[in-house]
Structure formats: C-alpha cells, structure tokens
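2 protein chains.
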Amino acid sequence: MAVLDFWFEFASTYSYPAAMRVEKVAAAAGVTVRWRPFLLGPIFGAQGWNDSPFNIYPVKGKYMWRDLERICAKEGLPLTLPPVRFPQNGLKAARLTLVGVREGWAPAFVRAVYTANFAEQKDITDDAVLGIALRAAGADPDAAVAAANTAENKAGLKTQTEAAIALGIFGAPAFLIDDELFWGNDRLDDAIEWAKRITA
Amino acid sequence: MAVLDFWFEFASTYSYPAAMRVEKVAAAAGVTVRWRPFLLGPIFGAQGWNDSPFNIYPVKGKYMWRDLERICAKEGLPLTLPPVRFPQNGLKAARLTLVGVREGWAPAFVRAVYTANFAEQKDITDDAVLGIALRAAGADPDAAVAAANTAENKAGLKTQTEAAIALGIFGAPAFLIDDELFWGNDRLDDAIEWAKRITA
Numbered sequence: 001m002a003v004l005d006f007w008f009e010f011a012s013t014y015s016y017p018a019a020m021r022v023e024k025v026a027a028a029a030g031v032t033v034r035w036r037p038f039l040l041g042p043i044f045g046a047q048g049w050n051d052s053p054f055n056i057y058p059v060k061g062k063y064m065w066r067d068l069e070r071i072c073a074k075e076g077l078p079l080t081l082p083p084v085r086f087p088q089n090g091l092k093a094a095r096l097t098l099v100g101v102r103e104g105w106a107p108a109f110v111r112a113v114y115t116a117n118f119a120e121q122k123d124i125t126d127d128a129v130l131g132i133a134l135r136a137a138g139a140d141p142d143a144a145v146a147a148a149n150t151a152e153n154k155a156g157l158k159t160q161t162e163a164a165i166a167l168g169i170f171g172a173p174a175f176l177i178d179d180e181l182f183w184g185n186d187r188l189d190d191a192i193e194w195a196k197r198i199t200a
Numbered sequence: 001m002a003v004l005d006f007w008f009e010f011a012s013t014y015s016y017p018a019a020m021r022v023e024k025v026a027a028a029a030g031v032t033v034r035w036r037p038f039l040l041g042p043i044f045g046a047q048g049w050n051d052s053p054f055n056i057y058p059v060k061g062k063y064m065w066r067d068l069e070r071i072c073a074k075e076g077l078p079l080t081l082p083p084v085r086f087p088q089n090g091l092k093a094a095r096l097t098l099v100g101v102r103e104g105w106a107p108a109f110v111r112a113v114y115t116a117n118f119a120e121q122k123d124i125t126d127d128a129v130l131g132i133a134l135r136a137a138g139a140d141p142d143a144a145v146a147a148a149n150t151a152e153n154k155a156g157l158k159t160q161t162e163a164a165i166a167l168g169i170f171g172a173p174a175f176l177i178d179d180e181l182f183w184g185n186d187r188l189d190d191a192i193e194w195a196k197r198i199t200a
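Note that the protein sequences, when read in sequence, are chains A and B. Just so you know, the first sequence maps onto residues 1 to 200 in the working numbering. Just so you know, the second sequence maps onto residues 1 to 200 in the working numbering.
For the record, the hints were derived by calculation from the structure and aren't laboratory data. Be aware that one or more of the hints could be misleading.
Identical copies go unnamed one by one, so any copy, or any two together, can satisfy a pair.
[What the hints assert, rightly or not] In the DSS-like style, the derived pairs of lysine-lysine whose C-alpha atoms are separated by at most 27 Å in a straight line are: (1) K154 with K62; (2) K62 with K158; (3) K196 with K24; (4) K154 with K74; (5) K92 with K74; (6) K196 with K74; (7) K196 with K60; (8) K92 with K158; (9) K74 with K62; (10) K74 with K24; (11) K196 with K92; (12) K24 with K62; (13) K196 with K158; (14) K24 with K154; (15) K196 with K62; (16) K158 with K74; (17) K154 with K196.
In this text, all values refer to a predicted model and were calculated from it rather than measured experimentally.
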C-alpha cells in the first residue's frame with residue numbers, strides 16, 4: 001500500500017486546508033497517510049527570515065489571505081482572518097502531535113488545532129486550548145502533555161525537522177511519496193495521483 | 001464577455017506552461033485574454049532580491065525545476081533544463097510583445113519565445129532568435145524591432161510594470177479578472193472559473 005508522508009507546520013496557513021482534507025482523499029485512493037509535524041522556524045531562519053514570509057512581504061501576505069479565503073470557501077471550511085496573531089507558535093502543538101502519532105490520535109488532534117487557529121481565533125500556545133483539542137481527539141491531556149515534554153520527545157521534533165531539511169523540504173505543507181516531493185496544498189491531488197501510480 | 005488579464009514575464013518558468021495553455025482554456029470558456037508582459041526585476045529588487053528567488057534559495061529552485069518537469073510532462077510540453085542560463089533577460093521580448101499586442105501577433109510570438117527559452121535552450125536576448133519568433137508569429141522583424149525601440153514603447157513597458165505593482169502583483173504568472181488576483185500557473189483554472197461566474 002502506498003504511503004504519503006504529510007509534512008506540516010501549525011503556523012502554516014496552507015497546511016490548514018491540507019490537514020483537513022488529506023485523510024479523506026488518501027483513503028479514497030487507498031493511500032496511507034503518515035503525519036509528520038515539523039518546524040519551519042529553523043528552515044526560514046537559515047534563509048535569513050525571522051518571521052513568516054507573508055509578513056516580510058506584505059503584498060504576498062495580502063494575496064495569501066485572499067487566496068486562502070477562496071480555497072476555504074471552495075472546500076466548505078470556516079476561516080476567520082486575521083487570527084489572534086500570525087503566525088502562531090506551533091511548538092507545543094507539534095510536540096503533542098508526535099505523541100499522538102505514536103498513540104493514534106494525531107489526525108483528530110491536528111485538525112482540532114488547525115480549526116482553533118484558523119477558524120476560531122484561539123491561541124494555540126494556550127494549554128487550555130490544547131487541552132480541548134486533546135480531549136476532542138480522545139487523548140488524556142495530562143498524560144499527553146507529560147509525554148510531549150520529555151527530553152526524548154523534544155529531541156524527536158528536532159530530529160524530525162532535520163529530516164525535513166535533509167529531504168529538501170523548504171515550506172509547508174509538503175507531501176512525499178518515497179523521495180518524490182510535492183509542495184503546497186495545491187499539489188495534494190498530484191501527490192495522491194503519484195502514490196496511486198507507483199502502487200498500480 | 002469576461003476578460004482575463006494574463007500578466008507574465010519571460011524569465012518566469014511557471015509563466016511558460018501558462019502562456020502555452022491560457023488561450024485554449026479561455027476560448028473554451030468564452031473568456032477573452034489580454035496579454036500583459038511586465039518585468040519582475042523592479043518588483044524583486046524592491047524586495048531586496050537581485051536574482052531569481054529560485055537561485056537565491058537553491059533548495060526551492062531544485063524543487064521548482066522538478067515541479068515544472070512534472071507539469072510539462074502532464075501537459076505534453078517539451079522542457080529542457082537547465083536552460084542556457086537562468087533567468088534569461090526578457091526585456092527585449094517584453095518590449096516586442098507590447099508591439100504585438102497592438103498589432104495582434106502577441107500570443108504566437110510569446111509562445112515562440114517561451115518555447116525558444118524553455119524547450120530549445122535558445123538565448124532570448126539574441127536578435128536572431130527573436131527574429132525567428134517574430135516571423136513565426138507573422139510579424140515583420142525589422143518593423144517590430146523599430147517599433148519596440150521607440151521611447152514611447154519603452155516607457156509603455158515601464159508603465160505596465162508600475163501598473164502590475166499597483167494591482168498587487170508580486171510574481172508571475174498572474175491572472176486578473178477585474179481586481180480579483182490569481183497567482184501562479186496552478187491558479188489558471190480557478191481564474192477561468194471566476195471569469196465564467198461573473199459573466200453568468
């Protein structure tokens with residue numbers, strides 16, 4: 001069975017529609033999704049950016065919000081913009097997601113966090129907001145937070161981000177089928193087609 | 001009848017598949033295309049870039065060539081990479097296109113120049129190469145070059161680039177239906193849908 005690695009970052013706007021849709025389209029195509037949270041901060045930092053490129057280049061940022069609005073309208077996704085602040089820091093959520101990947105509740109948790117961020121204007125660094133998302137995903141918040149904060153899990157997220165860099169990932173969302181890289185929400189369907197082709 | 005403004009730059013790789021396809025999809029949808037050459041140099045320069053972002057960020061550049069290869073394969077377009085040099089300077093070709101817009105031979109000329117650049121590894125600053133493209137489009141090369149080099153036509157291209165900036169254009173290709181902006185070859189179909197909707 002073909003596997004699609006779904007690389008995403010909570011601060012990434014285009015990761016939101018991708019995260020909400022990836023499992024449905026993958027399941028329809030008989031493709032398994034592996035959820036791969038990572039951090040864009042170190043990658044952007046290496047390019048000399050200390051903020052989202054959508055803030056550094058406001059004309060591009062203005063377009064991005066309009067483009068995202070059209071995408072969300074097309075897919076029936078709520079979008080409230082601008083959020084509390086942009087980008088929000090997704091470090092805690094990413095560490096929790098790693099735990100969720102091991103325990104099986106990552107997809108529902110990730111969707112809940114994206115919804116909190118881009119549809120509900122919630123602060124995703126707030127433990128209470130994350131707790132609601134954890135419970136919605138069927139996880140035990142206290143146990144999940146404890147597991148997320150172990151040195152091993154923290155190192156795991158660093159390793160995952162280094163793996164993303166090694167794979168040539170420079171933005172989010174990104175989809176990988178073996179070593180074939182697709183970047184951007186608008187390449188999700190192409191990635192699925194690719195996965196189907198190599199399976200056939 | 002709905003009008004789609006097609007903004008493109010000869011140095012832009014993703015403008016190549018867009019330029020080859022735009023008239024066909026627009027015609028099928030009953031949409032008129034207005035060809036709008038402009039220069040990205042001043043726009044990128046204002047962002048502090050003195051080269052293509054695909055050269056400034058090599059990991060992104062590497063991905064772009066692979067992505068473009070997949071797009072061209074899907075659309076049956078030839079692609080030879082890397083070209084002679086990247087990006088090529090499209091100033092002469094853009095000035096000529098403005099003449100072609102007035103005289104009606106712009107679409108065929110633009111497609112011939114993109115093909116020379118991205119399929120045939122030709123130097124599109126070479127007058128002989130541009131002459132072949134002009135003849136292929138049914139233009140008189142000597143008359144076209146003379147018209148392109150008038151002070152008025154040169155100023156026309158500057159005005160057009162300033163208009164692009166005023167419209168919020170920051171990259172190429174871009175499509176505008178009235179003031180609704182779509183950026184990137186992968187938004188061409190969305191732009192056509194938008195144009196159809198406002199006509200309906």
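So, going through the hints one by one against the coordinates:
no. : hint           : in the structure
1   : K154 with K62  : neither (34 Å within a copy, 30 Å between copies)
2   : K62 with K158  : between (31 Å within a copy, 24 Å between copies)
3   : K196 with K24  : within (15 Å within a copy, 29 Å between copies)
4   : K154 with K74  : neither (37 Å within a copy, 41 Å between copies)
5   : K92 with K74   : neither (30 Å within a copy, 40 Å between copies)
6   : K196 with K74  : both (25 Å within a copy, 15 Å between copies)
7   : K196 with K60  : between (34 Å within a copy, 25 Å between copies)
8   : K92 with K158  : within (13 Å within a copy, 48 Å between copies)
9   : K74 with K62   : within (19 Å within a copy, 31 Å between copies)
10  : K74 with K24   : both (16 Å within a copy, 24 Å between copies)
11  : K196 with K92  : neither (34 Å within a copy, 44 Å between copies)
12  : K24 with K62   : neither (29 Å within a copy, 30 Å between copies)
13  : K196 with K158 : neither (31 Å within a copy, 47 Å between copies)
14  : K24 with K154  : neither (30 Å within a copy, 52 Å between copies)
15  : K196 with K62  : between (35 Å within a copy, 24 Å between copies)
16  : K158 with K74  : neither (35 Å within a copy, 37 Å between copies)
17  : K154 with K196 : neither (34 Å within a copy, 50 Å between copies)
The structure does not agree with the numbered hints 1, 4, 5, 11, 12, 13, 14, 16 and 17 stated previously, though it agrees with the rest.
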